[in-house]
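Knowing the structure of chain H, use the given hints to seat chain B on it.
Number of protein chains: 2
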Amino acid sequence: MPRPPFVVALIQDAVTGDPTLSLATTIARIREAASEGAEIICLKELFNAPYFCKSLKHESFDLAEPIPGHTTEVLRALAAELEVVLVVPTFERQGPGVYRNSASVIDADGTLLGVYRKMHIPHDPHFEEKYYFAPGDAVTEGPNTAAGFKVWKTRYATIGVLICWDQWYPEAARITALLGAEVLFYPTAIGWLPAEKTEWGASQVDAWRTAQRAHAIANGVFVAAVNRVGFEAEPGTGGIEFFGHSFIADPYGRYLAKAETAPEIVMASCDPEQIERARRNWPFLRDRRIDAYGPILSRWLGA
Amino acid sequence: MPRPPFVVALIQDAVTGDPTLSLATTIARIREAASEGAEIICLKELFNAPYFCKSLKHESFDLAEPIPGHTTEVLRALAAELEVVLVVPTFERQGPGVYRNSASVIDADGTLLGVYRKMHIPHDPHFEEKYYFAPGDAVTEGPNTAAGFKVWKTRYATIGVLICWDQWYPEAARITALLGAEVLFYPTAIGWLPAEKTEWGASQVDAWRTAQRAHAIANGVFVAAVNRVGFEAEPGTGGIEFFGHSFIADPYGRYLAKAETAPEIVMASCDPEQIERARRNWPFLRDRRIDAYGPILSRWLGA
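In the order they appear, the protein sequences are chains H and B.
Number 153 in this note's numbering belongs to position 153 of the first sequence; there are no gaps in the numbering.
Number 242 in this note's numbering belongs to position 242 of the second sequence; there are no gaps in the numbering.
The following block holds chain H by itself, in its conformation from the complex (with noise of 0.2 Å):
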């Protein structure tokens, strides 16, 4: 018996200062997403915060909670009750000193199946995100079950989830494919820096989907990047204005659905099928050189 299609939703939206506001108007959403019919429901990157990385403040950290702790506990609760998957990006105290930039994979039944850690960390002017956060850690087998690239069996698919600036780079969307993905999803915190808008706004977005849905292709998964919307100010800079337009792609690298810059759940239903036959028809997995791609692990080979 074939297996049904699992659906798929995003939220798209827009945080305010007030996390216990955050949590709430996002709970909303969830029903909502899941009223439609939504079974994994993905939230935006850090989901119930403002974007802090703008600048370096000791006292940025104090957002940081840890897993499981007060918001993954509530939204499990919202999972069984709802019977729907979630997944929650938040910033993560693991211990003192050590904070990541996380998130946390839960059950349709509530239970909390692990966390992912985002493993290829940013810096660059405005996303000072080495400031905050220690990158995933590289072991991927052992008893630190929160290790490296992962993926987990839910019971609608066995999804894999990678954070924003991970989007960029083949390699992760590789091992989390091969590692068994059905659908990559990546919360994610972009945006235009409005002296950058208009010469480059338009190709950073476009650049950002590119660079997703070839992922989709080049390992025939589904893909779905959920993003937030809304300005967010920036005392002695001009802020972020962060650009939405979330989408799911299926394994051909085709928009199943797709927003713009306005608060929306993005949702569609994603046939498993598609996946075995995207991979007969364009059986790239079979011809994969492992026996060459050993300089991959180098940072430079030129000259």
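A couple of the hints might just be wrong.
[Stated by the list, open to error] With a Cα cut of at most 27 Å, we get these calculated DSSO-like pairs of lysine-lysine: (1) B:258 / H:197; (2) B:258 / H:258; (3) H:258 / H:197; (4) H:258 / B:197.
It should be emphasised that the hints constitute simulated quantities derived from the structure, not laboratory data.
Below, chain B without anything else, positioned relative to chain H:
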């Protein structure tokens, strides 16, 4: 002193069954491109032959030539005369029973710099290449200068060459970029099967372009893909309509030039300073997790 831009040209064309005529018309097109200012000119995959891999025939091996051989000798003289770099993809007879899908790189003084041998060999209905071609060897160092992924420092730019099916593999693009390529050339023979074209034609072209533009973005390099055009019949089948759509993209994945399905010389000026700018603006290479990519050397990692 900043380096000047280099001018890339792609010869998108069709072939007849007559190799002598194909070479003569190609020479005319190379002269035309050079007269318009082209400095690095890339021909399509297996440039002087029909796409014979539509079927399995012993006699098709007669089309193969050694490198160096008549074709490369003629084109070496032309390169020296016009002071252009040439990328010349041909069916290579490397030794008795060892045939390759190769591309010779000829510098602007006529020197044969080396040969790239296609690393990823497809085999699908009507694209039955595993019958004809031994895949390129994995060794990237040592006395066999034709092995593995490679780049060449030509008079005008450092170039990498990958061939057709290679274009679906982010690993190949990554390694070639890390070797120092400023532009990745993708000579290609991809087409529509008439029975599929209505349903799949547009999304196949879009996936083909998207995958390659993503290599430009992920690596901060120029990408130049050249496909053949024209319908080639094959008894007992519907034949193949090669779909053209050759293009040149900048390091942000933006089109600098693009064709549709007519024969065309696709040409663009590529500013090497753009590579440095792109890699400073989105410093992906800095943050690669080379400590965590080991699993990419596996065929499958799933449960």
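Here's how the hints hold up against the structure:
| no. | hint | result |
| --- | --- | --- |
| 1 | B:258 / H:197 | holds, 25 Å |
| 2 | B:258 / H:258 | holds, 26 Å |
| 3 | H:258 / H:197 | holds, 21 Å |
| 4 | H:258 / B:197 | holds, 25 Å |
Every hint, counting from the list given before, is met by this structure.
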